[in-house]
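Listed below are the residues making up each chain.
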Amino acid sequence: MRFVAIGHAIALCPAIAQTDGHRFETSVRPVLAKQCIQCHGDKLQTAGVNFSVFPDSKSAAQNPELWRKVREKVSNRMMPPPPLPPLSAADAAAITGWIDSLAAAPGASGPPDPGRVTARRLNRVEFNNTIRDFLGITIHPADDFPIDNQGYGFDNIGDVLTLSPMLMEKYMAAARSVSRIAVYGEPYEKKSGIVGKLLTKSVQDDGQVSGTTLPFSMRGTLDGVYHFPVEADYLLQFRVTNRRGVEPGVDLSPGGAPNGADAPGRGRGGGRGGRGSRAPMTEEEKQARHEADRKAAPPVEFDVDVDGRQVLKDTVEGNEAYAYDRGPTVAKIHVTAGDHEIRAYFPAHADMDDPRTNLNPRDGRRRLAAEFVEITGPFDPSAQRPPSYKRIFVCGTHDAACARKIVESLERRGYRRPPGEAETRRLLKLVALVQKQGDSFDEGIRIALQAILVSPEFLFRIERDPVSGAGIYRVSNYELASRLSYFLWSSMPDEELMKLADQHQLSRQPVLEAQVKRMLQDAKASNLVDDFATQWLDLRALDRKKPDAAKFPTVDDELLADMRRETLLFVGDVFRNDSDLLDVIKGKFTYVNGPLARYYGIAGVNGFDFKRVSLEGTDRGGILTQASILTLTSYATRTSPVIRGKWVLENMLGAPPPPPPPDVPALEATRPGAEISVRARLEQHRANPACAVCHRQMDPIGFGLENFDAAGGFRTKDGKFDVDSSGTLPDGRTFTGANGLRDILLSQSTAFTRNFTEKTLTFALGRGLEPSDRAAVEQINRKLAANGNRLSALATAIAESEPFQMRRKDESLHASR
Amino acid sequence: MHPDNRVSRRSLLRGAGTALALPFLDAMIPPFARAAEVKAATPARVAFLYVPNGIVMEEWTPKTGEGVGEWALPETLPRITSAIAPYRSELMMLSGLDCNGGRALGDGPGDHGRAGAAYLTATHPKKSAGKDLHAGVSVDQVAAKKMSGVTRFASLELGCEEGVQGGNCDNGYSCTYSNTLAWSTPTTPLPPEVRPRAVFERLFGSLELGADPVRRRLQEMYEKSILDGVLEDARRLQTSLGGADKVKMDEYLASVRDIETRIQSVERNAKSLPINYAAPSASVPADFGEHARLMTDLLVLAFQTDLTRISTVLLSIEQSPRAYGAEIGIPEGHHGLTHHSGDKEKIEKVTQINCYHIKSLVYALDKMKAVKEGDGTLLDHSMIVYGSGISDGNRHDHGNLPVILAGRGNGTLTPGRHIRYSSDTPMANLFVSMLDRMGVEPEFFGDSKGKLDRLSI
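Top line first, the protein sequences correspond to chains A and B.
Adding 1 to a residue's 1-based position in the first sequence gives its number in the numbering used here.
Adding 3 to a residue's 1-based position in the second sequence gives its number in the numbering used here.
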């Protein structure tokens, strides 16, 4: 078969008798000839792509990178661009099918190459988790470290994480304080007093919440975590602000208007007005006034929970005067050392239809709020050593043998492998040095622990090339244990993994599979949601986005936190129940609490606790219609269909649009006075063909979500324009609204699962994916599809894959040996 | 002052907590000191203050003549720079300088990432979203290398905006490029510290270590042994690691050695002074102005006590979406507004943001003027650069950058003027001239084409 390019005739080589070769001849090359060569041929070679140089499958197979790009552009229908006619579905499938078979063919990715992850230093999350699991203390020294550099969408990529002198200083300081706390417990004032104060913001501003100021809640909630230094009794003294009974237009000055008489049409209970004279009050009058104040406003329940358990149930009644006289609300608790969540709230406020009901119309401040809590203590502190002590001091005598035993156990856990003799001896010398200075045995051990915590063997996950042998090798059982635990738990291996590594059992397939299952069921697997999924979905961007308070007056910090919680619970549900991962897109359920349910217009959910609800029959369902995602893909004052489209393409389908070309001309400024909807403005993207190429991909997706405003609320009007949520994709398919968009995405479910596989593999390996990983990705993807798209199947397939189990040697290292 | 009243700093060292400090330098200068001794006791300091997303240049550039030349700074300056008019005798405004490294030069879009990375390095950063970042050594770090062992901290990296963790921040350029001003090697970014409390503790020692000097000395000795031990660990590791792993170990070794040098210099010079300054609260202020002022206080304190002589302050990062709603009533993000396409309302808002930012410089100038040192003030002995790597934020223009050079550089600068250079003069020329004045005499820096003339008369 000859094909003729414009202006050129290409001689044909005999067809190669291979299935994919035959496929290339019959189904792929004719399509290229008919619809692609015009631009991507010898004459024009647009974007440097020229299909004419591939007369047959064999020559084509030499360039897998090119075909990967072709596959992307074909499957996203970006090519051919309008006004040229699009590829038929059959032709597109033929091309992508052939390319996939190329990739999966043995030897397709070149010689086997599992890649080589660079030594990864622990990032902040991993550092905190590792300290927790190593020593059993919950302080988070890494919260003070500079943020980790990110690459390929994640902050655990070995090559990208750098170590600056400032960070090293922080490691030293952290090692010092962590080792002290682990051995001696945290320092605390022996004389009990006010140890801390948690203060809430009193207004919703546009600033970011930081430090010890707690997020703003219109409903008056106080929700924060406090780190208690020692196990003891503590008093929590709450200042509950009560500004009820202070209505506009009423003169509260002494000698002011009599009760209700001149108040402009506002019926309200007693107040201070009404006494014209300045004569001192009698006991009776005081009592009566007190009663009047108490009855002035109805009683409202006020609860305090610590770690989710109620420690106080109280009532706030009366107006401001009454509250002032009553004094602070106090709860007495007994807690262990470490972090504990304190939550003070008004249960009824969860069910306010509009939280602004709790705002005083006179000055906009809250009527009822838990403003701050002062923590006083410790009373009767436990004299026992901290629990971390027992973990460290595995023997009780203070002799050399015990020192060795302790140090070796610390090294084994800290370095995540059995210790070597030379390093142990060095640490023991340190212990001896300390004791020679007159310090205690315990202090000697503490110094050894501090040394371990700054050693490169602790701070980095190091994988050692074997001295002899082939160019690729299996990582050791210990290294495999670390890879597994940092993948699924973002923390160090536990004792069970280490024991299996001791016995060289971990690399055996049935053992590995069983461990993956166990690890996924462990509570620590919540890290896959809190760390991996948060980065995959770009949820951290929510920290920097705050809907404009004027346009979205009911969205406060508390609601934003609830929105975030919803998404984490939703994804956690899919992960934990090992459901079909596509439920992330199509799941017709979610988690809401009272405030969020009212925000969404969902009936039947009350209180502050989150419940799972069905979304059947509604417009919402899946991650795309969750307020967290809708907010982080918007500006403060308006939606951005472009950002939303880009988010979906990038995070859901793994097909990020190319960056804008240089010298992008600005969108024509609208005439002053002319008001057009966001959608109409964006139509200008499509009027200009230079913009249209990419924007006809992004914009329609965003249009499909236009029924959701910049804070995730449902709307049928954008300002004074009706929302038009229809979209037309580059291949001509049309859809309307979120439900239509959902169907479109599900029709590309393989793109979703492949992207999820790639993202998870990147996170698991700690390096970006290379062309040599193609075959592994295809293999993992097939296993995922064959097992109902379940997370456990994916995790197991990754753990069993070559890139995860093996590593490429650095030839240069041993060249000179 | 009577010769015997001269205070030995060592005598103040072992005191605990917040003993009262003396103004650092006055007490050190021997009475009847010769000029050279005075000069030695008042070394030159340098600081770079950075604002992103460009400036509304029509409201910045003084309306003096056209073309290349120099003019006295007039009393009335345009809207943004009017705030510094009262200080015009202590600063210079420079126009026409270029940061060519920020331009595309064939790499497509990414002007913000490039601007941030090229500003102090004067190189064209490598387009990379994470793995193989490559910029250059920044000018402050070139100077800092001379300070290793001389001052306790070779340099101080401060900031008021925590960098974004977003991998690909600007069209293929890693967020690290926009998050960092200072680079100690072309591949080692030095992240700024944004928490005032952390800066304080770093400068003046963790409050935890406060109490017992005997305890403190023992702990220091143990930590020296620890560091020796881990260095040995790392060196042994080096021989068995390959390729990129080795590079990571290099970073580790360099960082540990940095700490060791610092500890040694402390022992040699005994320069740490307890100070009378309340530690800032642990939280980061939400208000930008408050945050910037706190950082400036710490910077001035560090200069005053000679803990460092070199600093960079990243007031806000390139492409910053920060909204100044609570501060000046502008709820839209900064970066978005700077792409105004001529919209007068947006330009007005950007101008207001620029006016708001420059208040931080005014505050710094105030504070530095108030510190008396030797025969002048801290400001006299410093060179403070305030500016951005982009001039017109709407068009991503990397030429004619907004530059204020404040201070007298220990007598090496002649302030009070607006100088316009020819339009392809690299900003790096300024850096070469500044490095000269710091005692480093480089032949070139980045893309410099020589020194910057006219800076002193």
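Quick caveat, the hints were computed from the structure, so don't treat them as lab data.
Take these hints with a grain of salt, some might be off.
Covered by chain A, per the in silico footprint, the following chain B stretches (three or more residues, Cβ under 8 angstroms) [stated by the list, open to error]:
hint, stretch
1, 85-99
2, 141-150
3, 175-185
4, 247-258
5, 303-309
6, 334-347
7, 412-418
No more than 30 angstroms apart at the CA atoms, straight line, and that leaves these computed lysine-lysine pairs for DSS-like [said to hold, decoys possible]:
hint, chain 1, residue 1, chain 2, residue 2
8, A, Lys192, A, Lys44
9, A, Lys760, B, Lys347
10, B, Lys249, A, Lys718
C-beta atoms are modelled at their ideal positions from N, C-alpha and C, and glycine is treated no differently.
| Which of the listed hints are broken here? | 1, 2, 5, 7, 8, 9, 10
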